[in-house]
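J.: Chains V and E, in that order, are what the protein sequence lines are. The first sequence begins at 1 in this note's numbering and counts up by one. The second sequence begins at 1 in this note's numbering and counts up by one.
Hints are supplied without guarantee of correctness; some may be wrong.
[To be verified] Here are some chain E residues the structure puts well away from chain V; computed CB gaps all over 12 Å:
id	residue
1	43
2	75
3	144
4	231
5	235
[Unchecked claim] If we take Cβ atoms under 10 Å as the criterion, some of the chain E residues that face chain V in the derived model are:
id	residue
6	8
7	9
8	19
9	99
10	103
11	109
12	115
13	132
14	187
15	191
16	279
17	288
[Unchecked claim] Under 10 Å between C-beta atoms, here's a sample of chain E residues computed to sit facing chain V:
id	residue
18	17
19	68
20	72
21	100
22	106
23	254
Don't read these hints as lab results, they were simulated from the structure. Every residue gets a Cβ at the ideal spot worked out from N, C-alpha and C, and that includes glycine.
Chain by chain, the residues:
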Amino acid sequence: MEGASELAVHARPQAAPLLSAGVGWRRRAVNTAMTVLIGGAFALAMIPLFSLLFEVAKRGIPGLSVEFFTSDARGVVGGGGAAHAIAGTLIITAVAAAISVPIGIMAAVYLNEYGTGRLRRGLTFFVDVMTGIPSIVAGLFAYALFELFLGPGIRLGVMGSVALSVLMVPIVIRSAEEVLKIVPDHLREAAHALGTPKWRIVTKVVLPTAFAGLVTGVMIAVARIVGETAPLLVTTGVVDSMNTDPFNGRMQNLAVYAYNEYRSPGVMKQAAYDHAWAAALTLIAIVMVLNVLARVIYRRYKTEIR
Amino acid sequence: MGRVFSGTALAAALAVLCLLGGVAVFLLSEGLPALTAGASELPGGKSFVDYAAPLAFGTVLAAAIAALVAVPLAVAVALFITHVAPPRLALTLGYLVDLLAAIPSIVYGLWGIFVLGPAAVPAMEWLQARLGFLPFFEGPASATGRTMLVAGLVLAVMILPIVSAVAREAFAQAPRRLQEGAQALGATRWETIRMSVLPFGRSSVISGAMLGLGRALGETMAVTIILSVSGAVSFNLISQANPSTIAANIALDFPESSGLAINALIATGLVLFAITMATNMAARAIIGRQAGAR
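Just chain V, same shape as in the assembly (with noise of 0.2 Å):
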């Protein structure tokens, strides 16, 4: 108990702690020293951040082009484009969002305003335990699915909707309850003393005060799921060519067509790493867009409460 005898001797209330002349050389020391080094973890830690960026955009931006955006890939060797890959990965996600949107926010409107006890307990514990599925194996299950009524083999951009589902359904309910529980009781209140049924509140009042949160919380689930890449590789398969029909043959993505380009570049090596990394710049864009949209849609139109 050394320290406590020295904190009682000389403490100075009215002395900053640091600058006390109380505090004894070695524990100044020590506290330097780790202040340091926990400023230097945090230093650490954001050397990969900005390496990552800046590597993306460095050997990105070459890859970039008007035939990048335009063309396929079909019958070209080391050149052609991603919109096969963009178009894939818009109607892929789009169909995920279109499931797990009105799944993740009816569900969150259970859990929030329904339910009770043990079952709602028990369902926030899955939702929860659900975050953590690994993305692979959302794929699988999508494929199992799928393979039991259309035959082994089976691959289409619906399938990777589906996978992409189970891992966007928790984040949806996660972030939409979150922004239910701080629509303040005193307004469902008000409406219950007018004599509103319960479903015309959720439906007059909670939700649209919570709107602008929901959108952001969506569109950040969406950004988690747009740069997926293992369920899809197990379930809408690699194509050269433009495919927009969900439900008919394989449908190519970013993430995917990322990974096909570095991993089998052909003979023209370079222009397949260019292509791989203007992809990998183009889905960051497109996930730095969606969060810095979500947070300007949510300071813009965010319902004000007093």
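Fit chain E to the given chain V structure using the hints.
T.: Same frame as chain V, now just chain E:
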């Protein structure tokens, strides 16, 4: 109408449960043929346990490296944001860390093999020269950087934001009065952190670490791209011969497989699902118990 609405909400909530149950059921039904098949029918002519064990070993090894590196860093990052950095900056710094979580795993993979791997080669040669007597650094050091160590480090970067987010939340909630009390007794900032912040956040750090571990166990693309795989079971972290992981093995083999090989891959997916679910449930149970106690 009210009945219909609340019924729809309940149905949606139950659908989520069915989804989770469905994942287990469909993986089981498609994986079962491989679990019951004889060794001669399976890929490589090995029994399923012999097939899956090296993969499970690689999965746990890579995730363990990631957690060992990421957890101390994440705790420091969380402390920096909540207790060291100027409060005005905290939000921005938190946003930067969250940015790490927003980057798609395929990009981490490309960065790992083209940037971090080559950069790590001299460091791994140094490890072999100086610490080669340890089984981890036995070598021969890979010349390409496609090693277990690099894969683990990239995984560490990927799980850092998850672990630090959980730790950050706990540290920010550490009771003010204890911290002010410590400061009033003349404690330095580090002493305040050590005596009143860290003990408060301990169980959150543990559960955050387990969430991170769960994520690292199931992470696919970064490992698929970075690791050069030989199927060897070894603790040697810096050589060219590495065990694969369950997830990476699925990503590598699934597109070209058919028949019973597909079933075998799905069965390994089931093993991965079981491992990650157990890890996650344990982590969530710790968080839940703590929230209940507060």
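J.: All hints, please: hold or fail.
T.: Hint-by-hint comparison with the structure:
The Cβ of residue 43/E sits about 16 Å from the closest Cβ of chain V, beyond the 12 Å cut-off, so the non-interface label holds. Residue placement check: residue 75/E does not keep its beta carbon more than 12 Å from all beta carbons of chain V (closest about 8 Å). With a closest Cβ-Cβ approach of about 14 Å to chain V, residue 144/E is found to remain outside the 12 Å limit, as its non-interface label requires. Remark: the non-interface label on residue 231/E is consistent with the geometry, its nearest Cβ contact in chain V lying 19 Å away (cut-off 12 Å).
Non-interface call for residue 235/E relative to chain V: holds, since the shortest CB-CB distance, roughly 24 Å, exceeds 12 Å. The criterion of a C-beta within 10 Å of any C-beta in chain V is met by residue 8/E, whose closest approach is roughly 6 Å, and the hint holds. With its C-beta approaching chain V no nearer than about 4 Å, residue 9/E sits inside the 10 Å limit, and its interface hint holds. For residue 19/E, the interface hint holds, the least distance from its beta-carbon to any beta-carbon of chain V being 6 Å, beneath 10 Å.
Proximity of residue 99/E to chain V holds as hinted, the smallest CB-CB distance being about 6 Å (cut-off 10 Å). Hint status for residue 103/E relative to chain V: holds, with the closest Cβ pair at about 6 Å, below 10 Å. Taken as an interface hint, residue 109/E checks out: its beta carbon lies about 8 Å from the nearest beta carbon of chain V, inside 10 Å. Because the closest C-beta pair between residue 115/E and chain V is about 5 Å apart, less than 10 Å, the hint holds.
A cut of 10 Å between beta carbons decides the hint on residue 132/E: the least distance to chain V is about 26 Å, and the hint is violated. At its closest, the beta carbon of residue 187/E sits 7 Å from a beta carbon of chain V; the interface hint therefore holds under the 10 Å criterion. For residue 191/E, the suggested interface contact is upheld, since its CB lies about 7 Å from the closest CB of chain V, less than 10 Å. This hint holds: residue 279/E has a C-beta 7 Å from the nearest C-beta of chain V, less than the 10 Å allowed.
The restraint placing residue 288/E at the interface with chain V holds, with a minimum CB-CB distance near 7 Å, inside the 10 Å limit. Given hint, residue 17/E at the interface with chain V, holds; its Cβ is 6 Å from that chain's nearest Cβ, closer than 10 Å. With a least beta-carbon distance of about 14 Å to chain V, the hint placing residue 68/E at the interface is violated under the 10 Å criterion. For residue 72/E, the suggested interface contact is upheld, since its CB lies about 8 Å from the closest CB of chain V, less than 10 Å.
Hint status for residue 100/E: holds, given a least beta-carbon distance of 5 Å to chain V, under 10 Å. Checking residue 106/E against chain V by beta carbon gives a least distance of about 4 Å; that is within 10 Å, so the hint holds. Checking residue 254/E against chain V: minimum C-beta separation of about 5 Å stays under 10 Å; hint holds.
Violation of the numbered hints given earlier is confined to hints 2, 13 and 19; the remaining hints are satisfied by the structure.
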